[in-house]
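Starting from the known structure of chain U, arrange chain W on it as the hints suggest.
The listed protein sequences correspond, in order, to chains U and W. Note that the working numbering gives residue 116 to position 116 of the first sequence, counting from 1, and the numbers run on in steps of one. Add 1000 to a position in the second sequence, counting from 1, and you land on the number used in the working numbering.
If you're looking for bench data, these hints aren't it; they were derived computationally from the structure. It is possible that part of the hints are untrue.
[As the list claims (entries may be wrong)] Below, in silico cross-link-like pairs of lysine-lysine (BS3-like), each with a Cα-Cα straight-line distance of 27 Å or less:
id : chain 1 : residue 1 : chain 2 : residue 2
1  : W       : 1080      : U       : 50
2  : W       : 1371      : W       : 1405
3  : U       : 50        : W       : 1371
4  : W       : 1171      : W       : 1192
5  : U       : 50        : W       : 1405
6  : W       : 1367      : W       : 1246
7  : W       : 1244      : W       : 1080
[Said to hold, decoys possible] Distance windows between CB atoms, simulated:
id : chain 1 : residue 1 : chain 2 : residue 2 : range
8  : W       : 1140      : U       : 74        : 39 to 49 Å
9  : U       : 74        : W       : 1333      : 50 to 60 Å
10 : U       : 94        : W       : 1369      : 24 to 34 Å
Don't be surprised by glycine CBs; every beta carbon is placed ideally from N, CA and C.
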Amino acid sequence: MLNISCPFCGEREELEFTCGGEAHIARPLAENQITDAEFADYLFLRDNTKGVFLERWRHAAGCRRWFNMVRDTVSHEIIEIYPMGELPKSKQGKAAYEACWRRNTAAEAAAMPKKSRAKKGK
Amino acid sequence: MAQGIDRGRTGLPGGKPKYSIFSLARNAASYHQDWQRAWRAPEPKKEYDAIIIGGGGHGLATAYYLASVHGMTNIAVVEKSWLGGGNTGRNTTIIRSNYMWDESAAIYDHALKLWEGLTQDLNFNLMFSQRGVLTIAHSWGELREMSRRVHAIRLNGIDSDVLTPEEIKAKVPLINIDQSIRYPVMGGFLQKRGGTARHDAVAWGYARAADDLGVDIIQNCEVTGMIRKGGAIAGVETTRGTIKAKKVGVVVAGHCSVLGEMADIRLPIASRPLQALVSEPIKPELDTVIMSNAVHMYISQSDKGEMVLGAGVDKYNSYAQRGSFPVPEHMIAAAVELFPILSRLRMLRHWGGIVDTCPDASPIISKTDVKGLYFNCGWGTGGFKATPGSGHVFADLIANDRPNKIAAPYALDRFQTGLLIDEHGAAGVAH
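Just chain U, with the same shape it has in the complex:
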């Protein structure tokens, strides 16, 4: 049983939470500009890391709010909990974020608004 520290309510048992799977999957806003295969990357393909994994959780039987978690899928150690819309700050979390194959997909590129895409180009 995991003991999870909800950023809003404090430490509670796993039973109060639901897991929302892999974190940081952005919906491709420019979906017409990508292929079916690239859209499938967004819709179906999931990172299934053995080791440090970034995922979303929701305190379903509490405040019902979402948050992100860095967790090891082998030891079940919770390394970091951080708010939605932010990136992990821990060393392992950062490394896992950068190492994910999804960072280089067309689906993720199509998820960014044009302005920030241009910025990223610089």
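Below, chain W without anything else, positioned relative to chain U:
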């Protein structure tokens, strides 16, 4: 026995001594000290025609059918641990083919037809027992949905019957059909050809028969990398050295994403723990497999007398081969309400296996972008029942480099075309 399936060269044509009542008597005379080894422990060769990664039921079945049906005997099975030590030895041994969609009916009934007669094919007692699988409904809505499902299943030529609570009580006297309980028994459906088999025996039987045909079974040999040359597979790196092969089949269940990563292949798989537990052994009380999707548990009694229970997968990814307590707690609560006598049983053992769940609760049997590299995964919570069928069609895919009619719908590209085979209903286990 089913007609029209190529079962290959059966009954140990390689000349290994057969198991029989006579061999049992002969070995009794020498106090069972001189039984022959069931399979060799060969050193890996430099090169094979094909390598199967994963020495569980599906991998060993694939190797057996490659050798017996397709005549490919210069092949190896590499297993990182011991044979059948993963999900093959961790499931609740239920066998059935009552799936709704045509594609599923085809593959699961193909498997069931192979189960029928497999003990003779392999000359190994699999303790295959067609004791019937009974799925219970707990509401009118569920019963109506169940009837629709039964009609669809019957249209595919698979046996299924709807039962009333009284008929269920007559068949399973232990069950509580009192309408006052929170989730009363409103009816159910029975597949009489369904049942159980001894899971370890399946791995051992396939291993012994494959070894008899010349297949090298290499245990304690973990694959650490895939060697590719110009978009085609050339072999694998292992903890026991490099092994070359132009064809590699990956059948590793929970670790398929890890193996996929080695060849830059992404899979829509989430690896989750699926837990099961057994009670202390009691006298024969339950001669049917009972499943309930609504209160969520399934139960059968093993030949040893233990009650074998299982339920849904844990809700987060894990590779730890253990689950969290809320799942068995829920499973036992459901079991005790349906079978009040279970409340006085002690649970002896409890374990978890890492299952490869797929978004549509159907498997992936597919070629990949790497030529000669094949994947058979995504069986999730329901792989054991499919073991012979899965191995049979996967061997066909590897031997001929094209999927047959049964395997074709399970290609990886269905996640791009949208031709999913949504079997969450028939999977009977929450994903």
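Results of checking the hints against the structure:
In summary, the hint linking residue 1080 of chain W to residue 50 of chain U is supported, as the alpha carbons are separated by about 16 Å, within the 27 Å threshold. A threshold of 27 Å between alpha carbons decides the hint, and for residue 1371 of chain W with residue 1405 of chain W the separation of about 20 Å falls inside it, so the pair holds. Annotation: proposed proximity of residue 50 of chain U to residue 1371 of chain W holds, straight-line Cα distance about 26 Å (limit 27 Å). Between residue 1171 of chain W and residue 1192 of chain W the alpha-carbon distance is near 12 Å, which keeps this suggested pair within the 27 Å criterion.
Of the pairs offered as hints, the one joining residue 50 of chain U and residue 1405 of chain W is violated, with about 34 Å between alpha carbons and a cut-off of 27 Å exceeded. For the given pair, residue 1367 of chain W sits about 13 Å from residue 1246 of chain W by alpha-carbon distance, which is consistent with the 27 Å threshold. For the proposed pair residue 1244 of chain W and residue 1080 of chain W, the alpha carbon gap of about 17 Å is at most 27 Å, so the pair holds. Evaluation of the 39 to 49 Å hint for residue 1140 of chain W and residue 74 of chain U yields a pass: the beta carbon distance comes to about 45 Å.
Between residue 74 of chain U and residue 1333 of chain W the beta carbon distance is about 29 Å. The supplied range of 50 to 60 Å is therefore violated. Look at residue 94 of chain U against residue 1369 of chain W: about 30 Å separates their beta carbons, and that is inside 24 to 34 Å.
Hint violations for this structure: numbers 5 and 9, all remaining hints satisfied.
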